[in-house]
Structures are given as C-alpha cells and as structure tokens.
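Visitor: Given next are the chains, with one letter for each unit.
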Amino acid sequence: KNQVEQSPQSLIILEGKNCTLQCNYTVSPFSNLRWYKQDTGRGPVSLTIMTFSENTKSNGRYTATLDADTKQSSLHITASQLSDSASYICVVTSSGTYKYIFGTGTRLKVLA
Amino acid sequence: GAGVSQSPSNKVTEKGKDVELRCDPISGHTALYWYRQRLGQGLEFLIYFQGNSAPDKSGLPSDRFSAERTGESVSTLTIQRTQQEDSAVYLCASSLTGLGNQPQHFGDGTRLSIL
Numbered sequence: 001k002n003q004v005e006q007s008p009q010s011l012i013i014l015e016g017k018n019c020t021l022q023c024n025y026t027v028s029p030f031s032n033l034r035w036y037k038q039d040t041g042r043g044p045v046s047l048t049i050m051t052f053s054e055n056t057k058s059n060g061r062y063t064a065t066l067d068a069d070t071k072q073s074s075l076h077i078t079a080s081q082l083s084d085s086a087s088y089i090c091v092v093t094s095s096g097t098y099k100y101i102f103g104t105g106t107r108l109k110v111l112a
Numbered sequence: 001g002a003g004v005s006q007s008p009s010n011k012v013t014e015k016g017k018d019v020e021l022r023c024d025p026i027s028g029h030t031a032l033y034w035y036r037q038r039l040g041q042g043l044e045f046l047i048y049f050q051g052n053s054a055p056d057k058s059g060l061p062s063d064r065f066s067a068e069r070t071g072e073s074v075s076t077l078t079i080q081r082t083q084q085e086d087s088a089v090y091l092c093a094s095s096l097t098g099l100g101n102q103p104q105h106f107g108d109g110t111r112l113s114i115l
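These protein sequences, in sequence, are chains A and B. Residue numbering for the first sequence follows the working numbering, starting at 1 and increasing by one per position. Residue numbering for the second sequence follows the working numbering, starting at 1 and increasing by one per position.
Here chain A stands alone, though its shape is the one from the complex (with noise of 0.2 Å):
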C-alpha cells in the first residue's frame, strides 16, 4: 500500500534554532517527492520538488534531501523565524499516475 509517514507529529522550537522534519513513504513505482507548507488557515504551498535523480534542493532557508535507496526524506530549516510556524507537508508521486499521495504533516510552532 501506498504511504507517506511524517515525524515528528509536532515540534516546538526557539526562534533562530534549525530542525530537521522527517518523511518515510513507501509509494513505488516513485517519481517525484513534495514538501508543502501549510499556514494555519491557508492552502499548503509547494517549497520543494525533487525527482528520483536529486538527492538535495534548497529553498532559502529549507534544504530537502532524498535519499531513493531508502525511501527517506528530511526537510532542514535553518535559523528558524517566527513566520515558519506552520504544518509541513510530505507528498509523494508515483510514476504515471496523477494521484499525490499525502502524508499527515508535521506541526512546527517557533516561539520567540
């Protein structure tokens, strides 16, 4: 069956402090994998995308990793700021289909 795990559930952090967000997916054949960022209130919204071929992307201050070989990929924020309070969203493609397979997010609360 074709999952997408995230961990931790929830995660608080001080202000400037980096984390790393995890996501475990089991979907095959694989094609492309997503992290979203979802603002309390608002649609999620992509940072990232990386195919089977890439194994880093940077966005600013988010860095994804993709190691295929595993199934395993992690979201790094650097110096966190209050605005990165947010769900964090892994989403996972499998290869010739049009369906995105969703996982249950991370929830990240910065405090000042």
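In case anyone wonders, no lab produced these hints; they're calculated from the structure. Hints may be right or wrong, so weigh each one.
[As the list claims (entries may be wrong)] One-sided excerpt, in silico: chain A residues whose CB lies under 10 Å from chain B:
#, residue
1, Val4
2, Ser31
3, Asn32
4, Thr93
For glycine and all other residues, C-beta sits at the position ideal for the given N, C-alpha and C.
Position chain B against the provided structure of chain A, taking the given hints into account.
Guide: Same frame as chain A, but now just chain B:
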C-alpha cells in the same frame, strides 16, 4: 486572478441541509482536484478532473457527494443532506496538466461546519 480561488471561505449550516462549494482554478490549468482535510489530519483525495475526460470520483466518501466542472473552468462540490462528520476544510487545487511532475496550486479552502 493569479491563484486558485475558493468560495465561500467559511460555511456554517444545519445538519441535513445541502451545501455547494466553488473553486475557480488558475486559468489554463487543465487538472483540478478536490480534497478534504479533517482537523489534524492529512489531505484526503475526493475527485479529479482532467480536461474533458471523465472525472475520477473514486475518493468521494458517499453518494451524498458530487462534483461538476465545465470544461477547464469553475468546479462545484455539492454535499447533500449534510452530516456532522462532513465538517472539515475542503481544499481545491489545480495544475497545468494531470502529470504528477506538475506542481499543484491550492486555494485557501472552504471551512465547513455542520451544526
């Protein structure tokens, strides 16, 4: 508009009433998705439209749910005889094509509360 627009942003209604939710996708986007997001849970696929092809309705939870889309424009999601378990955020997304390598662009959702 520049993004996906959904209306209403909030809807409160009594159990048993029908509701209609609207989604305006990004112009030129042929693929349109509806998702349901219950509090604290992940996005649940409901229905997918691609151009003029027959929609994939495999995610609709019951026959009380239906959706329409005219060509590559506006879509409406209708829930008949609403139940309290229908309370959720309903998100719409569009993408340029239905290929999985295209990014999805989401609206801000309709927050539906059934009393």
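Visitor: For every hint, state whether the structure bears it out.
Guide: Okay, the hints, checked on the actual structure:
1. Val4: holds (8 Å)
2. Ser31: Nearest chain B Cβ about 5 Å off; hint holds.
3. Asn32: Holds: closest Cβ of chain B sits about 6 Å from Asn32 (chain A), inside 10 Å.
4. Thr93: holds (3 Å)
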